[in-house]
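S.K.: Each chain, letter by letter, is given below.
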Amino acid sequence: MSANADQGRGLRRRIIDLLPRLGRYAYALTGSRADADDAVQATVERLLARGVPDGVDLEPWALRVCRNLWIDETRRRAVRRGDGAVDEAHPALSIDGEREALEKTTLKEARDAMNDLPVEQREALALVAIDGRSYAETAEILGAPIGTVMSRIARARAALAARFAEEEQGP
Amino acid sequence: MTEDPRSVPDEQLSAFLDGELGEAEAARVRAALAADARLAERLAAFQNADGRLIAAYAEEPELAGARALLARAEDEPRRWFAFRAVFAGLFARPAFAAAGFAAAGAAAVLLLSELAAPAAGVRFPGAATAPAAVLADALTRTPSGASREFAGGRITPVLSFVAADGAYCREVEIVADGAARAVACRRAEDWTIVLAAEAPLADPSDYVAASGGLDAFDAAVDEIAAGPPLSAEEEEVAMRRGWARP
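One line per chain: the protein sequences are A and B, in this order.
With this note's numbering, letter number 84 in the first sequence gets 84, and the count goes up by one each step, no holes.
With this note's numbering, letter number 16 in the second sequence gets 16, and the count goes up by one each step, no holes.
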């Protein structure tokens with residue numbers, strides 16, 4: 001099976017090669033760079049300790065591990081605090097002034113909007129819109145039918161589009 | 001979020017944006033887009049949402065924790081098997097004596113104390129040669145990452161770890177006429193070379209990938225090590241205590 005074709009390279013190196021993608025995915029999933037760090041670290045720890053089952057591609061497997069660990073974590077947080085929302089500290093205003101601050105706010109708003117989506121929509125959108133994966137790949141990673149992926153993405157985009165339109169008209 | 005009676009449902013429009021529609025369906029959407037300004041606006045709003053998301057997550061997380069884990073991690077445990085046989089065979093062989101050895105294969109065993117004279121050279125696979133006394137001294141005194149120079153070459157300890165039997169071991173790189181990697185373990189107050197392999201020296205980041213021999217070497221090192229490499233502090237403590245077993 002082609003899944004094992006690159007088995008000859010060390011697992012460690014293959015994980016290192018995968019880190020940027022894993023990081024981007026975790027960032028979109030968790031909505032915070034600090035949480036993405038933690039989620040990826042936990043993922044790597046798990047992968048190194050338990051390896052990857054025979055005949056399984058590392059990449060979708062790793063993303064799935066990351067997502068499951070993150071979902072566990074959000075449940076723990078929800079239990080602890082009565083809500084699963086994770087907020088990133090507002091970035092400090094830089095000396096470059098207003099424009100940069102405004103840009104940062106805009107980016108923050110986009111992440112907030114993403115964070116308010118149900119996790120199923122967020123992860124699908126992260127894979128397709130941010131990471132540029134096909135529906136088929138995304139379906140494999142999420143373990144969901146392609147039709148489900150398709151409708152999650154459409155609903156996520158509709159929600160974001162509505163929210164961004166609201167912001168533009170905003171106060 | 002009001003429901004607009006558009007000519008193409010969101011799901012299809014969204015799949016169109018992702019290039020996931022078949023040719024016929026895509027053509028139908030394109031025609032609808034040309035005819036329906038609100039639909040075109042809707043597509044633009046979807047595209048805009050994607051664009052904002054991509055910008056919002058463009059700054060990549062540092063992943064410092066994951067990187068630190070990986071830096072300490074061992075390579076592919078799966079391939080230990082193949083090497084285990086070779087490695088066990090080598091241990092069964094009598095140690096090589098006298099002025100050095102040229103290993104047949106990737107690894108060899110040799111006791112530094114068995115060398116005839118301190119000036120004797122230890123010849124590693126790949127023709128790298130180092131004076132035994134300098135090698136022993138570098139193993140004893142040079143911290144990992146630092147180099148011990150000698151006429152015609154240098155020895156650089158790469159890392160230190162504890163073997164399954166509790167002995168301290170150190171992996172070193174020897175560069176002199178050729179390059180080699182070796183592991184020496186501190187047993188009975190002497191350094192014993194338990195493993196050596198030629199190390200084609202190119203770009204340090206790709207030579208492991210480029211050399212099957214070193215893959216096997218790394219796997220064998222993993223096999224000997226009982227845990228992750230020592231931190232700089234742990235190594236310093238071990239060195240101060242003369243590498244006596246903890």
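Mixed in with the good hints, there may be bad ones.
Unchecked claim - For each label pair, taking beta carbons as the anchor points, the in silico distance ranges come out as:
#	chain 1	residue 1	chain 2	residue 2	range
1	B	Gly145	A	Glu166	52 to 58 Å
2	B	Pro228	A	Asp116	29 to 35 Å
3	B	Glu23	A	Arg50	39 to 45 Å
4	B	Ala44	A	Thr105	40 to 46 Å
5	B	Arg245	A	Ser134	51 to 57 Å
6	A	Lys108	B	Arg245	53 to 59 Å
The hints are simulated quantities; they were obtained by calculation from the structure and are not laboratory data.
C-beta atoms are modelled at their ideal positions from N, C-alpha and C, and glycine is treated no differently.
S.K.: Does 40 to 46 Å hold as the CB distance between Ala44(B) and Thr105(A), or does it fail?
M.R.: Check failed, 22 Å falls outside 40 to 46 Å.
S.K.: Could one say that the CB atoms of Gly145(B) and Glu166(A) fall in the range 52 to 58 Å?
M.R.: holds, 55 Å
S.K.: Are Pro228(B) and Asp116(A) spaced within 29 to 35 Å by their CB atoms?
M.R.: Between Pro228(B) and Asp116(A), where Cβ atoms are some 40 Å apart, the hint is violated.
S.K.: Note whether the CB distance of Arg245(B) and Ser134(A) lies within 51 to 57 Å or breaks it.
M.R.: holds, 55 Å
S.K.: Range hint 39 to 45 Å: satisfied by the CB atoms of Glu23(B) and Arg50(A)?
M.R.: Holds: the Cβ-Cβ distance is about 43 Å, inside 39 to 45 Å.
S.K.: In this structure, is the beta-carbon distance linking Lys108(A) and Arg245(B) contained in 53 to 59 Å?
M.R.: holds, 54 Å
The structure does not agree with the numbered hints 2 and 4 stated previously, though it agrees with the rest.
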